[in-house]
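**Student:** Heads up: the sequence shown begins at 1 in our numbering, then just goes up one per residue.
These are computed hints drawn from the structure, not numbers from a lab. Be aware that one or more of the hints could be misleading.
Claimed, not checked - Between beta-carbon pairs, the in silico distance windows are:
#	residue 1	residue 2	range
1	411	544	25 to 31 Å
2	416	318	32 to 38 Å
3	652	92	21 to 27 Å
4	516	106	32 to 38 Å
5	516	385	21 to 27 Å
6	188	408	21 to 27 Å
7	117	20	18 to 24 Å
8	115	461	55 to 61 Å
9	10	117	30 to 36 Å
10	82	619	41 to 47 Å
11	317	652	48 to 54 Å
12	457	187	33 to 39 Å
13	571	90	39 to 45 Å
Stated by the list, open to error - Below, a list of computed lysine-lysine pairs in the DSSO-like style, where the Cα atoms sit at most 30 Å apart:
#	residue 1	residue 2
14	95	17
15	95	539
16	621	539
Where is the CB? At the ideal position from N, CA and C, for every residue including glycine.
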Amino acid sequence: PAGISATDAEKGLAFEKAMEVSEGLASMGWPEPVVVDSGNGYYLLYRVDLPADDGGLVHRCIQALQPAASDHVHIDISVANPSRICRLPGTWNRKGDDMPDRPHRVSEVMDAPDAPQAVTVALLEALAATLAPELETRPVAPYAPVSGTGDRPGDDFNKRGDIAPVLESHGWQRIGESGGNQLWRRPGKTMGNHSATFDGRTFYVFSSAAQPFEANQGYSLFAVYAMLEHGGDFKAASASLAAEGYGGEPPGDGVDISGIMATFGAARADDADSSEMSATMPTGGTSPGQSVDNSEKPTPFDLFQPRTLAERFAEGFALNPPVIHGLLREGETMNLIAPPKIGKSWMVSALAISVASGLDWLGFPVEQGPVLHIDNELHANTSTYRYNRVAEAMGVPPHLFGNQLTTVSLRGRLADLNHLGTLFAAYPPGAFKLVIIDAFYRTLPSGTDENDNGAIAGLYNLIDLYAMRLGCAFVLIHHTSKGNQSGKLITDVGAGAGSQSRAVDTHACLRQHEEENLVVLEAAPRSWPPSAPLALEWKWPLFTPVAEVDTSALMGTARTQAAKKPLPSLGEFVETCIGPQEPCSARAVVYAAQQAHGMTKRAAEDMLALAMEKGLVEKIKADGAHMRHVKARSDLVGDKAKWIAAIRENSPGLGVADIAERTGVSERYVRQIRQQLDDEHVTQQEA
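All chains, please: the whole structure from these sequences, using the hints.
**Tutor:** Below you can see the structure in the form of C-alpha cells.
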C-alpha cells in the first residue's frame, strides 16, 4: 500500500505472488533469484549483464509480468530504472506509523543461491517478446465502400499491397509493435520514440518532420505509395500499379465485349483510373466527363476509423503504459485542483523531480522519464530556487535528475494553449514522459470564458492531441472556485465549466483538513481502480503521506449533531487508546480517541498530557529512537525493558528471538524481563 506498511495478510499475498513469478520464470529456464523480504513486500533479484542503457529490455520484461499482477498485489515496474533506490537488507522499513496491524519490519535476505547466475540476454528477450507478439496478418475489409466494380489498381493495392518495402526504401525504420500496431520511425531520426503507426489499414503519422506527410494525419496504403514513389501524382501511381498487375476487368459472363470496350478504352485509361483516388464518388459539381481528385481528402472512414468489436479484440486492448501508477498513463491528462496558496506548486515540483529521477511521489510509484514543466506564474529564478529547496528536502542531488527536467517560465510573456503548440511541435515524439502546465487558467486563449463547457472541452481535446503526438501525459494545475469545497463531489471541485472534470482521465483535488497543516488528496481516475483518499501533512517544502487520519474530517464539513459522548475516565482513556497499541505515537493516540470515544483532537491531546502528568503514561525511545507512548511501569527500569513489556502485553504469541530482534537486545535480556513480569503477576495474584 502507498505510504503505509502492509498487513500480514497483504504481505502474505505478495509472497505467494513472488513465488508464483519465480516458478514461472524458472520454467522458462531462468536461474534462481535472491529472494529478499523488503519488510513491506518481496524482491526477486536476478543478475543481468547489461549496460545501463539497455534499450528498454528490462522494462519490457517487467511489463511482460504485469498480467500476473492483481487488484491486491502490485508488481513494481519502476524497478526497471537502474537508478532506482531499493531497500537494503538489514535495514528497517518504516512506512507510515508503526501500528499493531501494520508494523514496521526489518528487511532481510530470505534465500540466495550459492553461486548466482546471470540471466542471459536470450532469456530476457524471450520474456520481453511475450509482451508484444507479432502482428497477425489477416484479410481486412476496406475502409470505405468502393465505387463501380472495385477493380481499380489503387483499391486493389489498399486490399493486398505491402507498404513496408516502400517505407524502408525511403528511409523509414520499423522499430517494433505495440497493441497490434507497427511502430515506424521517420527518416533521419536514429533514436527515440516512433513517428508513425500502421495497423494494416492506415498509416498514421504523428511527426511534423516526416515530409511529405503531414502531422496527425492518416494515409491509406495507396496514398503512401503515391506520395513516396510518385511525388503525390496519384494518376501516375495508379498506372504504375496497373502495370504491376493490380486491378482488373469487371467479371465476365462468357460474352465477348471487346468491341464495345475498344470504343472507350482510351477514356478509361485517362478518366477512370484518376477517379480511384477517392474512396467514395464525388457528389455534385461535376459533369459526366469530368473526374475529381479527392485523394488528399480523408474519407469519413479515415477520420473516424470505425472497427467491429471483434476487430478491436484482435488488435489488442492493452492499456497505455503508466506514468504515475494508480493515477495517470501515457496519453492521458490529469487535473490537480487546489485552493490558492495551499502549496500545490511545491507539490508539483516534487512530482517533476520524482518522475525525472524515478522516485515515488506521495507513495505512488512512477515511471522515470524526461519532464517538461511550463510555469506561467513564477519567475524563472523563483522556480529554480524552489526546485533546489525541494530537491534538498527530498535528499535527491540535482545532478541525478537535472538533465531530465526542462523548465519554461512564461511569467510576463504568457502564451495560450494554441501558441504552446509551436513549442510542443519543436520536440519529437517521446521527448517527454510528463508535461506539467502550472497554471491552466493562464493558458486560456484570449476571450475564452472558463465557464463555457464547449470552449473548455475543445481545449482539452487540443491537449489530448498534444499528448498523443508527444506520447506523454499532461498534468494541469488549476484552482478551486470560491467558497467551501468540503461538501462537493470530487468531480465538482474546480473553478469553471464542469466539462473540465469530464474531459480528463484523472481529476484530482486537494482539500483542507480540519487539522492544521493537513490536506486530503482525492482522485477520480478513469483507467485505474478507485483510490482511497490520502491524508498529506505539509512540512515545508514537502507534503508527506500520513496514516491514522480521518480523511472525511474536511474543513467546513457540516456534521450531524449526534448525542455527545461523555469523555472517558483517565484510566479508561489509557487502557483503550494507548494500551492496545503501545508503544505508539501521539498521532496514533489521538486517532484512537477520535474513533473510540468521538473526542476532538484538542480533547485527546489534553487528556494524553494529563495522563502523563498523573504518571499513568510515559514516553520511551522505541522503533529507531522515536519517542513513543507506553503505559507507565514504575517497576521496570530503562526504555528497552518497558518496550519489551509493551510488546509482550500486546503480542503474547511473539517469541523471544523476535522480540530481541525488534528491540535490539539479547535474548537473555528478554527472558530476564519476562521472568520479572511473571514474578510480579504471581505476587499480585497472591495479594
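**Student:** Confirm or reject each hint.
**Tutor:** Taking the hints in turn, this is what the structure says about them:
no., hint, verdict
1, 411 <-> 544: 25 to 31 Å, "holds (29 Å)"
2, 416 <-> 318: 32 to 38 Å, "holds (35 Å)"
3, 652 <-> 92: 21 to 27 Å, "holds (23 Å)"
4, 516 <-> 106: 32 to 38 Å, "holds (34 Å)"
5, 516 <-> 385: 21 to 27 Å, "holds (26 Å)"
6, 188 <-> 408: 21 to 27 Å, "holds (26 Å)"
7, 117 <-> 20: 18 to 24 Å, "holds (21 Å)"
8, 115 <-> 461: 55 to 61 Å, "holds (58 Å)"
9, 10 <-> 117: 30 to 36 Å, "holds (31 Å)"
10, 82 <-> 619: 41 to 47 Å, "holds (43 Å)"
11, 317 <-> 652: 48 to 54 Å, "holds (52 Å)"
12, 457 <-> 187: 33 to 39 Å, "holds (37 Å)"
13, 571 <-> 90: 39 to 45 Å, "holds (41 Å)"
14, 95 <-> 17, "holds (21 Å)"
15, 95 <-> 539, "holds (17 Å)"
16, 621 <-> 539, "holds (23 Å)"
The structure is consistent with each of the numbered hints, conforming to all of them.
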